[in-house]
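Q: Each chain, letter by letter, is given below.
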Amino acid sequence: MLRIGDRAPDFELVDLSGCPVRLTSILRDGAHVVLVFLRHMG
Amino acid sequence: MLLIAFGPRYMGEAWLKETGVSFPLLFDPERQVYQAYQLERSLLRSWNLNTIWTYIRLLASGRKWRGIKGDSAQLGADFVIDREAVIWSAHYSRDPTDRPCPQQILDILQRLQSQ
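First to last, the protein sequences are chains A and B. No gaps in the numbering here: position 41 of the first sequence is 40 in numbering that gives the first Met the number 0, and each next residue is one more. No gaps in the numbering here: position 59 of the second sequence is 58 in numbering that gives the first Met the number 0, and each next residue is one more.
Simulated from the structure, these hints should not be mistaken for laboratory data. Ideal Cβ placement from N, Cα and C applies to all residues, glycine included. Misleading hints may appear alongside valid ones.
[Stated by the list, open to error] Selected chain A positions facing chain B (Cβ under 7 Å, derived; list incomplete):
(1) 0
(2) 1
(3) 3
(4) 7
(5) 12
(6) 13
(7) 14
(8) 15
(9) 20
(10) 24
(11) 32
(12) 33
(13) 37
[To be verified] In silico DMTMM-like pairs for lysine to aspartate or glutamate, Cα to Cα no more than 25 Å straight-line:
(14) 16/B <-> 14/A
(15) 16/B <-> 83/B
(16) 63/B <-> 14/A
Just chain B, same shape as in the assembly:
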């Protein structure tokens, strides 16, 4: 798994430390790869009620607020890519809370492994 972020490195380091995630984190400060993968930006969808409620719950559970560094309208996406660089799954987030179900990703990886 590769994570791609466009924020400053020190925030990436802090995020990895806070979340315990150990996957490689790559930096795309100019968002050239975001653009190559055709990710969307939407202020309206990035700050919808669902997102605001999610942030409230995260803060209430003790998550640190580090402020917003960078473009808060940038939406995320998740892809599964095989060894031939063919896309097997492309999930463009409708809003920040919209990510694919992990089991769906695992099922696709299992299908790839069995080939």
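One chain only, chain A, in its complex shape:
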């Protein structure tokens, strides 16, 4: 498990529009990020 103080793994995923979103790009823009991993959508 990742812990407080660890470096967050970078990633690039697509949003609903199909646009790529990279974590480091958001962070570089000056934002802190709350990342929420969802379960199955039932």
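Fit chain B to the supplied structure of chain A, relying on the hints for placement.
A: Relative to the frame of chain A, chain B by itself:
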């Protein structure tokens, strides 16, 4: 806030519409990011009595049941990450009903903003 899901997009669209959530929803169908963040899978913990009772209450309150698409054993997690990509909070769900207290997340964000 970024939401990450591994289900099909049409379910993501339906979920956003139903919940009114407006945060970006990103798709990780192969769960590569789930794996990179070391999220767990557990059928036993995903379908414990607490979870089943929660689903019963949600259905009784009018929530639509859309069936299960994908791996129902996949557990969730929540992270707070600062501008330097350092993790300030890591909450791995013990079961589907286990999410961090929103105030705890807000307190961490406030500390980050004051730096």
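Q: Evaluate each hint against the coordinates.
A: Now for the hints, and whether the structure bears them out:
1. A hinted interface residue such as residue 0/A counts as satisfied when its beta carbon comes closer than 7 Å to some beta carbon of chain B; here the least separation is about 5 Å, so the hint holds.
2. Against a cut-off of 7 Å between C-beta atoms, the interface hint on residue 1/A holds, since the closest Cβ of chain B lies about 5 Å away.
3. Among the interface hints, the one on residue 3/A holds; its C-beta lies about 6 Å from the nearest C-beta in chain B, closer than the 7 Å criterion.
4. For the restraint placing residue 7/A at the interface with chain B, the shortest Cβ-Cβ distance is roughly 4 Å, inside the 7 Å limit, so the hint holds.
5. Evaluation of the residue 12/A hint against chain B yields a held restraint, the C-beta minimum of about 4 Å falling below 7 Å.
6. With 7 Å as the threshold, the beta carbon of residue 13/A comes within range of chain B, its nearest partner Cβ sitting at about 6 Å, so the hint holds.
7. A distance limit of 7 Å between C-beta atoms decides the matter here; for residue 14/A the minimum to chain B is near 5 Å, and the interface restraint holds.
8. With a cut of 7 Å, the hint placing residue 15/A at the interface with chain B holds, because the nearest CB-to-CB distance is about 6 Å.
9. The closest approach between the C-beta of residue 20/A and any C-beta of chain B is roughly 6 Å, which is under the 7 Å cut-off, so the hint is satisfied.
10. A hinted interface residue such as residue 24/A counts as satisfied when its beta carbon comes closer than 7 Å to some beta carbon of chain B; here the least separation is about 11 Å, so the hint is violated.
11. The beta carbon of residue 32/A is positioned within 7 Å of a beta carbon in chain B (closest approach about 5 Å), and the interface hint is therefore held.
12. Here the hint on residue 33/A is kept, as its CB sits about 4 Å from the closest CB of chain B, short of 7 Å.
13. Taking 7 Å as the C-beta cut-off, the interface hint given for residue 37/A holds, the closest approach to chain B being about 4 Å.
14. A threshold of 25 Å between alpha carbons decides the hint, and for residue 16/B with residue 14/A the separation of about 15 Å falls inside it, so the pair holds.
15. Of the pairs offered as hints, the one joining residue 16/B and residue 83/B is violated, with about 33 Å between alpha carbons and a cut-off of 25 Å exceeded.
16. A threshold of 25 Å between alpha carbons decides the hint, and for residue 63/B with residue 14/A the separation of about 24 Å falls inside it, so the pair holds.
When the structure is compared with the earlier hints, violations turn up for hints 10 and 15 and for no others.
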